[in-house]
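Student: What follows is the residue order along each chain.
Protein chains: 2
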Amino acid sequence: MHDKRQPVELAKSYLLLNHGPVALVSSASHGRRNVMAASWVMPLDFDPPKVVVVVDGRSYTRELIEASGEFALSLPFRRIANKVLAAGSISGREADKFAHTGLATFPAGQIGVPLVRDCAAWLECKVIPEKHNQQRYDLFIAEVVAAWADPAVFSEGRWHFPDSARRTIHYQAGGSFFETGRAFECANE
Amino acid sequence: MHDKRQPVELAKSYLLLNHGPVALVSSASHGRRNVMAASWVMPLDFDPPKVVVVVDGRSYTRELIEASGEFALSLPFRRIANKVLAAGSISGREADKFAHTGLATFPAGQIGVPLVRDCAAWLECKVIPEKHNQQRYDLFIAEVVAAWADPAVFSEGRWHFPDSARRTIHYQAGGSFFETGRAFECANE
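Line by line, the protein sequences are chains A and B.
Residues 1 to 189, numbered by the numbering used here, are exactly what the first sequence covers, in order.
Residues 1 to 189, numbered by the numbering used here, are exactly what the second sequence covers, in order.
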């Protein structure tokens, strides 16, 4: 399987996260790698684009991000939601979570962290060190240094999901998700 | 119109924001009040519950939040999306945005800030002062001190949207939104 990806202009990369989808956070350092699911991730700024993400202090992902200063966000399609849930059910210290979950990867462009296949879009991120936020709130601020999207679902700054299987997803709790739903337009009155 | 609301247990209030909906951020100080729309809002912690929200440094909302140390998040139903968009189109310094947009209010329980009617849920928040985050990133961290939901759409820790008009919404850009879509369950394998 070869994932198609087109670059997304950095100043428009916030549009990928603006609607609040689930992200897979991947990380790597010195030959070790991991992936976790995150709902607590959002844009923080437009240009240069920044994001914030919450990463638990005890997690293996945290260890790898603090070692490398990098992470990637991959926005999973609904059709791999079962793997997204599985990525939240074990620790990467116990087993290679990519192998365990069946999440396949391909290389990032600007950072040394794998991106996850079968996703709608990808953001490559470099941590802006903010020790107080990281230690007190498990909150990481990062600059987006590259962004990509599958042109079948996102192009010219807009999402256009062709089918249910290739929609982004939103997490509720206990294995329950929402698909990103119907688009609608409002006019300023 | 009388909005029905039931209290949501504080430790479960993160569930209201977990799926990434648009929020109306209302604020008040010394007889002045305002409301803005925000997509850049998410949970930060479970218990005590915290949230983060980005509030532009030049906004009237920012002035009121910094004066009072409080704000409320109201999660609008799809049926008032046009008013949500209108709330983003003028400054509260120019006109009373509640009057301008037709967004009606009712009193909060724990804070002196109005909640917005015709919404799915509400979170009452007190700012945890973090000057560096506020000044450098326009990022506010707050503790959730009370939470409420319309039992027609949220009860026992789960969303159950009865119809399209009463779904929460997610912002794309340029007046384009998504409804919160179909729910689906995954089982851990």
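In short, the hints are calculated from the structure, not lab data.
Just so it is clear, CB atoms sit at the ideal spot from N, CA and C, and this is done for glycine as well.
There's no promise every hint is true.
Said to hold, decoys possible - Anything over 10 Å on all C-beta distances counts as not near chain B; from chain A, calculated:
1. Val54
2. Ser68
3. Val84
4. Gln135
Stated by the list, open to error - Partner residues aside, some chain A positions facing chain B, computed with beta carbon under 10 Å:
5. Gln6
6. Leu10
7. Tyr14
8. His19
9. Pro21
10. Tyr60
11. Ala86
12. Ser91
13. Arg167
14. Gln172
15. Phe177
16. Glu179
17. Thr180
Student: The structure should be examined with respect to each hint, and the outcome stated for every one.
Tutor: Comparing the hints with the structure gives:
no., hint, result
1, Val54, "violated, 6 Å"
2, Ser68, "holds, 22 Å"
3, Val84, "violated, 8 Å"
4, Gln135, "holds, 13 Å"
5, Gln6, "violated, 18 Å"
6, Leu10, "violated, 16 Å"
7, Tyr14, "holds, 9 Å"
8, His19, "holds, 4 Å"
9, Pro21, "holds, 7 Å"
10, Tyr60, "violated, 19 Å"
11, Ala86, "holds, 6 Å"
12, Ser91, "violated, 14 Å"
13, Arg167, "holds, 7 Å"
14, Gln172, "holds, 6 Å"
15, Phe177, "holds, 6 Å"
16, Glu179, "holds, 4 Å"
17, Thr180, "holds, 5 Å"
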